[in-house]
Structures are given as structure tokens and as C-alpha cells.
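Participant: Residues per chain are reported as follows:
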Amino acid sequence: MLQHLKAVWMFRYFWMSLVRMDLRTRYRRSVLGIFWSLLQPIAMSGIMCVVFSRLFEMTKEVPGYPAPWAAYAAFLLPGMAVWEFIRNSAGIGCNALIHNEAYIRQCPLPYGIYPLRTVMGTAIHFMLSMLVIVTLVCLLRQSFEPLTMLWAVLPMFVLLFLFCWAVATLTAFATVYFHDTTHLVEVGGQLFFFMTPIIYESEKLGNAAWLAEINPVVVYLNVIRDPLWKCELPPMEQYFAAFGLTAVAVGLACGTIGWLQKRVIFQL
Amino acid sequence: MAKIELNDVSLTFNIRQHRRVTLKEYLLKGLFLQARNPVIAVHALSHIDLSAQDGDRVGIIGHNGAGKSTLLKLLAGVYPPTSGQATIEGRICSLFDITLGFESEASGWDNIRFRSYLLGETPKSIKRKIHEIAEFSELGEFLDVPVRYYSTGMLVRLAFSISTAVEPEVLLIDEILSAGDLSFQLKARERMKSMMTSARLMALVTHETSTVELLCNKCIWLQHGAVMMQGRPEDVVAAYTQNAVANHPVAEVEPPSVADTVPMHDPARAAA
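As you go down the protein sequences, you meet chains X and S in turn. Start counting the first sequence at 629; every next residue gets the next number (our numbering). Start counting the second sequence at 11; every next residue gets the next number (our numbering).
It cannot be assumed that every hint is accurate.
Said to hold, decoys possible - Heads up, simulated DMTMM-like pairs for lysine to aspartate or glutamate below, C-alpha to C-alpha not over 20 Å straight-line:
| # | chain 1 | residue 1 | chain 2 | residue 2 |
| --- | --- | --- | --- | --- |
| 1 | X | 832 | X | 689 |
| 2 | S | 203 | S | 177 |
| 3 | X | 890 | S | 18 |
| 4 | S | 228 | S | 99 |
| 5 | X | 858 | X | 689 |
| 6 | X | 634 | S | 185 |
| 7 | S | 197 | S | 177 |
| 8 | S | 228 | S | 185 |
| 9 | X | 890 | S | 99 |
| 10 | S | 134 | S | 151 |
| 11 | S | 34 | X | 689 |
| 12 | S | 139 | S | 151 |
| 13 | S | 203 | S | 223 |
| 14 | S | 34 | X | 808 |
| 15 | S | 228 | S | 15 |
To be verified - With beta-carbon atoms standing in for the labels, derived distance ranges:
| # | chain 1 | residue 1 | chain 2 | residue 2 | range |
| --- | --- | --- | --- | --- | --- |
| 16 | X | 887 | S | 49 | 17 to 27 Å |
| 17 | X | 842 | S | 51 | 54 to 64 Å |
| 18 | X | 887 | S | 204 | 54 to 64 Å |
| 19 | S | 94 | X | 876 | 31 to 41 Å |
| 20 | X | 814 | S | 23 | 23 to 33 Å |
| 21 | S | 26 | X | 811 | 18 to 28 Å |
| 22 | S | 57 | X | 822 | 51 to 61 Å |
| 23 | X | 783 | S | 154 | 55 to 65 Å |
| 24 | S | 138 | X | 648 | 46 to 56 Å |
| 25 | X | 783 | S | 217 | 54 to 64 Å |
| 26 | X | 875 | S | 217 | 50 to 60 Å |
| 27 | S | 138 | X | 814 | 27 to 37 Å |
Please keep in mind that the hints were generated in silico from the structure rather than gathered at the bench. The model shown is predicted, which means the values in this text are computed figures rather than measured ones. For every residue, glycine included, the Cβ atom is placed at its ideal position computed from N, Cα and C.
Looking at chain S on its own, in the form it has when it is part of the complex:
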């Protein structure tokens, strides 16, 4: 039984200008000088209410820096909420920044095993699935090569194949699908659709509004860390697009007239 329940959840980061404080600076600050490393409070998420069950596919959209990835990380359990209640039940599999979690010196096969163990598999259960994963990724002989030589698209294929093969109860995807080529994108969509029919929970962050309308049954629009709108994908996407266009009006451009276009190969001319 997978479930996501967020009740008035807020997340605040206290960031310092200078990342790492040395012991010397920490002591001096305490004794003499005022902090020359001021704290900036970033309210990444404010009062989010979200509820999803088995079979829900939640699409998360919003402008850059709205807090979409942060929300996913909170769902994954990486960040604890600063206030509010966050309940996530079910085996979670997260697909964030695709280079994270790959051991670059190890081969594709070894990485399949690492990632699977990370997601809670055992050597016995992996033996059955490993060829299926390799086949889905279509990487062939490249699986013998260390992962540091892979392109981003190859990494995406591999990560996606592993993550969907382990049959997670909650799947969290953060904008990575766009890195794959067209055939992979189609394949991935197919697989995600089939996963949905097996009543699993999925949360997807994407900038492609078409993906949201195609794959999701719920959509949430984040703006500056707060929920602007929640509901059916069509409605939310329409409101989001309207808002985006209203804020940045597209410049008026004269569409080219038919007379201006000169065909490359004019069959009439060639015949003449």
C-alpha cells in the first residue's frame, strides 16, 4: 500500500554565504568577531498539502526554482520537513540527478547490482532480473565498460531500467527523461504506463506539459515554494501555460507569406 500524505509541510534552508566553516572561524565568531558568514533563510517549500494513493500519478510543474526537486527530495526522505507532517509509505525509488549513485569506476553490470542493492534487492532476486534490465536498457556490450565512459543518455537508460525493474511502490522522477533519445522516451512512457496499471504511486517533475497530460492523473503547480493550483492535469496545465504566456508575452512576428518561399526542387521547372 503506497501512500503520500503531506500536511502543511514547510521546508526552510539556512544557507551560509561561505559554505564550510572552519573550527577557527567558529571559535572566533563565538569569542570576538560577529559572523562574517551571514545566514540566509530560503523558504523552499511553504505550507504544502498533498495527498496521493496507489494508482495516482502526480505531475509537478512550475518555474525554475519553484521547489519541485526539493519537494521530490522531501518525498524521498532526503530532507526532513521543518514543520508539518510528511508521511510516505511504500518502497521508494528515486531518479534524481542521473549521475548520482553511479560508481564511475565500476562496469555497467556492477552498477546494476549496486543500484539494485541500494533499492533493497538481494543477490538472489537480482539474478532473475539482471538480464531483463540489460535488455531494456539496450546498452549491449557497453555494460562491460566502466560507467564513467557513458554518455548522459546511456546513464539515463541504465538508471531507468534498473529503477523500474525493481518494482518500487513509490517512484519519484525528476526531469531526467528528457535526456534520453526519442526511441527511449517512447519506451519509457510505455513502461511507465504499464507500471501505472499495476496500481503504483508515481510523482514526476517535468517541464514538458504534454508528458503531464499524457501520464498523470493529478497535477500540482508550484510557485516560489507554495502550491498555486492542484487538480486535474488539463486544468492545471492550462492555467500554468496561461500564466507563463501572460508574464512573458511572445513578440509579434509577421508569418512568412507563401510567395516568399522558393521550393528547392520545383518539379514543374525540372520538367521544363
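The shape of chain X in the complex, shown without the other chains:
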């Protein structure tokens, strides 16, 4: 395991230059460039704000916010960014090994590098979105209070990054063996989105509250969204849950790499 990490660090210039090239290629032809990555979740959230705030009757007053719709927007934006990060890591990560087949066939590098390339790309988009979102939340709240909560949120970004890397690794290996994993992840993502309290608060689930309890994404939503939106820390169990969940996910990913690394080349 340690050897694997050492090897990943040894090849850091390689995968970092690939990530840079990925970003450049992706926004080569667009005028707005990397700002597209910021526009999409924010535009989506804006529309959802208008539509869902009426549907879900977000009319109750929330302390700290001038209007209910402002509270809803501040609730929705960080949640959407976290969800997009996880979903994109899983979705694009599916093809991590298949797209990098050329490198796998020439130079046997540690397999963790290929999902890492994907997740670094999605992480950069996530960080940029969060930059804008934290600013927006401060504006909506008309105070700098969310900034004081950043010390609790930033370490959680690291955990989220590790979780996304683990998810990307698992989907990448799964896609090599079952090539319809991409479709499963896509459809599953849609279902998961509505089952997860992103656009509504978890209280609204009522009888189906168990859905929020078994959903791993909810843990990350709580530790990242709550400090920014409510400006108060979630209960301590959530932090333990976040650490535990990340450890389990990373453990599964490393186990998969260790189990399949000698076999996957025969399936590519």
C-alpha cells in the first residue's frame, strides 16, 4: 500500500501534466473557458430555487436570512456542488482505465493514477464552484459569518476528495469488466439525486427518513453544507461518520486495486 502511494508520488509530474492538459483541452474552444464549470451548477440552482421553493413550500423564515428564498438558495448551492463533484467523479471515472489503455499497455504505472487524473479534474471544478458559492452565500446572508466556518469545511474537502477518488476507482474497474456500468452509474445517479436531500431538507422525508440514514452522500452534505448555510456545526457523529466512510471507501478502492491489478490488463 505504502509502495503504491510512493509510486503515485513519484509519477506526480506525469499525472499533473495530464490533468492540466485535460483542462486545457476541455475548454479550448469555449469563449468563457473554465467559467462554464461555475455557470452550470449555479444556473441549475437558480432555476431550482425559483421552481422548488414554491413546490416544497420553503416559506418558513430561517434565522440569519432576509427572505426564505435566500435561505433556500444558500441551502441548495453547496449541496448541488458536492453532488456534482461525486456524480462527475463516478461518471467520468468510469472510463478512467479505458481511456488510458495506451499508457497501461506501455508503462505499468500504479493503477491509482488513472482515477486520480479524473478526480483532480473534477476537484478543480468543485473548488472553483465552491469559491463562487461561498461568496454567494455570504451575499445572501449579508454577512461574513460563513467565512468563519471555513476552518471546519476545508478539511472535509480532503475527505470528500478521497471518497470521490475511491468511487472513481471502483467504477473504473467495474467498467472494464462490465461495460454497461457507465449506464448504470448514469441512471443510478438520477435516482440517487432525488433520494438524497439535496433539493429538500431531510426532515421532509418523514417516514422515509431511513433513506437519508443509509445514504453515504448525506454525511458529506451535512459536514460541508451545514456549516456554510446554518453557520453552525453539525453533530460530532457526522464527523466521525465522514472519517469512517472515507476510510471504508478508500479501503475498498485499495483492496480492489490490489486484487485486480494483475488481472485487469487481460480484460482491456
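Based on these hints, arrange chain S on the given structure of chain X.
Facilitator: Frame of chain X, contents of chain S only:
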């Protein structure tokens, strides 16, 4: 210290007729239907023994499909052996299918950097070598152009320049040199010769038996995944050629007689 040590190494591929299995098919196979995607076992390499140290240049020859490229890939660490022991020590640089490992949207300069990082270089060490690499490849202004516009020969030049500049301890080359033009081939031979004198290990797959005799000090002849003969290049190449000719006798053709040939410009006639 570079070293290759293969002890009774075998490699078997289990290939399915239909490449990618869907989850549905996998479940059905388990529950109801027998597999309609039968497995074919391909014994790519059988019981190979090979040993090479610093300064050895191993030539690998054989018919198409003998397992030469597979052997190189095993040496590179791409395929783990199904049985036997394979020990390869030293920094490996492999030159296989030349289009592999190029990022087609990036320019020549960027690709020099990618490939170098892939081979374990750092930005500092590359700064010193990058102009030398560019000069050796003789691509000039084309280095600014995205690599997808390069011809095969240009790609070969670029890949070869990069791979030899990073001073690998083990160099594995798979039949790519034939894509370069004549001047490049001569240049490449020169460079490989100089690399050999710096006591490095090289394994080369080629169909040109003359290259083997010129560059290598050991030769291995593979046939259907097994070693037919191993030893000095002259002996192995002679046996290989004899075998090839014996299996496919060249048809008897009457050599043209001198009288049949009519010279284009007959100075005698022109003067007359």
C-alpha cells in the same frame, strides 16, 4: 545494475469471443444459460528461460504471432507471467506501438514532457535535455504543431529521441525502427551503438535479420511461444533463415540473360 531473469516463464491469455460482457449476460450465464461466450486459451509464451545483464543486447526474432511482442510486454511489466519467475531490474523504457502514449491534442514539446515524466524524469532534469531531444528528432518547427498531424515516421523519430535521451537502464524496442526514413535509421543505429557501450541492457524485436547481426550480441528465436534456439546472433539467424526458406521454397525463376537487356542510352549508338 540492469538485469533480466526469466525462469520457466509462461503466459496464457483467456480470450472470449465477445469482448465485453454486460452485467445482464454475466448474471444470466450464472443463472440459466450456458456461456455463449466461450473462453479460448491462448498460450502466448511457454516455458521461456532467458538471462541477460548489463551490456547485453538481445535480439528477438520469429514468425508473426510467435510471441515476440508479448515477450517484450512481459519484460516491460505490462503482463504478469501466468507461471514461472520473471525478474527485471533497472529503469525500463519501452518503445512499442508508436502511437501509444502520445496525447494527440498536445504539441510536440508537450509530448516530450509527458513522455519524459512517464519515464520518471522531473521538470528540472528535462529542462537540460529538451533541446537535445528536439535536435536529435530533427522535427524543427513541427514540434509546435499538435501531434495528431504527424506522420508515423515523425512519431517514431520523436519517440525514439525521447526514449534514448532519458538514459534508461533497460530499453525495449518493438519493430518500430523500420518506420523511420533511411537517415533516421542510420542515426538510430549510431545512437543505439553508443548506448550499448555505456553498458545498458537492450531487447529488440525485429524482422530485419541484418539489424540483429549488427546490433545484438545475443539472439533468441521464438516459435509458437516457445524458444526454438538461443545463442549467438549469427548462428540463430542462420538457423532461422534456413528454417524459413525450407518451409517456403522460393519458386525457380530463370535469371534474365544479358542479351535480353537493352540499355537505355547506348553511348555507341548515340555517337554513331
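Participant: Indicate, hint by hint, whether the structure satisfies it.
Facilitator: Now the hints, each set against the structure:
1. 832/X x 689/X: Answer holds: residue 832/X to residue 689/X is near 16 Å, not above 20 Å.
2. 203/S x 177/S: The hint holds at about 13 Å.
3. 890/X x 18/S: With a Cα-Cα distance of about 19 Å, the restraint between residue 890/X and residue 18/S holds, given a limit of 20 Å.
4. 228/S x 99/S: With a Cα-Cα distance of about 19 Å, the restraint between residue 228/S and residue 99/S holds, given a limit of 20 Å.
5. 858/X x 689/X: Given that 20 Å is the threshold and the Cα spacing comes to 13 Å, the pair holds.
6. 634/X x 185/S: Violated, at about 33 Å.
7. 197/S x 177/S: This hinted pair holds, its Cα atoms lying about 17 Å apart.
8. 228/S x 185/S: Answer holds: residue 228/S to residue 185/S is near 17 Å, not above 20 Å.
9. 890/X x 99/S: 19 Å, holds
10. 134/S x 151/S: Given that 20 Å is the threshold and the Cα spacing comes to 23 Å, the pair is violated.
11. 34/S x 689/X: Violated, at about 50 Å.
12. 139/S x 151/S: 18 Å, holds
13. 203/S x 223/S: 13 Å, holds
14. 34/S x 808/X: 9 Å, holds
15. 228/S x 15/S: 14 Å, holds
16. 887/X x 49/S: 17 to 27 Å: Given about 20 Å between the Cβ atoms, the range holds.
17. 842/X x 51/S: 54 to 64 Å: 43 Å, violated
18. 887/X x 204/S: 54 to 64 Å: 44 Å, violated
19. 94/S x 876/X: 31 to 41 Å: Because 37 Å falls inside the window, the suggested range holds.
20. 814/X x 23/S: 23 to 33 Å: 32 Å, holds
21. 26/S x 811/X: 18 to 28 Å: 21 Å, holds
22. 57/S x 822/X: 51 to 61 Å: 58 Å, holds
23. 783/X x 154/S: 55 to 65 Å: Taking Cβ atoms as reference, residue 783/X and residue 154/S lie about 43 Å apart, which means the hint is violated.
24. 138/S x 648/X: 46 to 56 Å: Given range 46 to 56 Å: violated, Cβ gap about 22 Å.
25. 783/X x 217/S: 54 to 64 Å: 59 Å, holds
26. 875/X x 217/S: 50 to 60 Å: The hint (50 to 60 Å, Cβ to Cβ) holds, given that residue 875/X and residue 217/S are roughly 53 Å apart.
27. 138/S x 814/X: 27 to 37 Å: 47 Å, violated
Comparing the model with each numbered hint stated earlier shows that hints 6, 10, 11, 17, 18, 23, 24, 27 do not hold.
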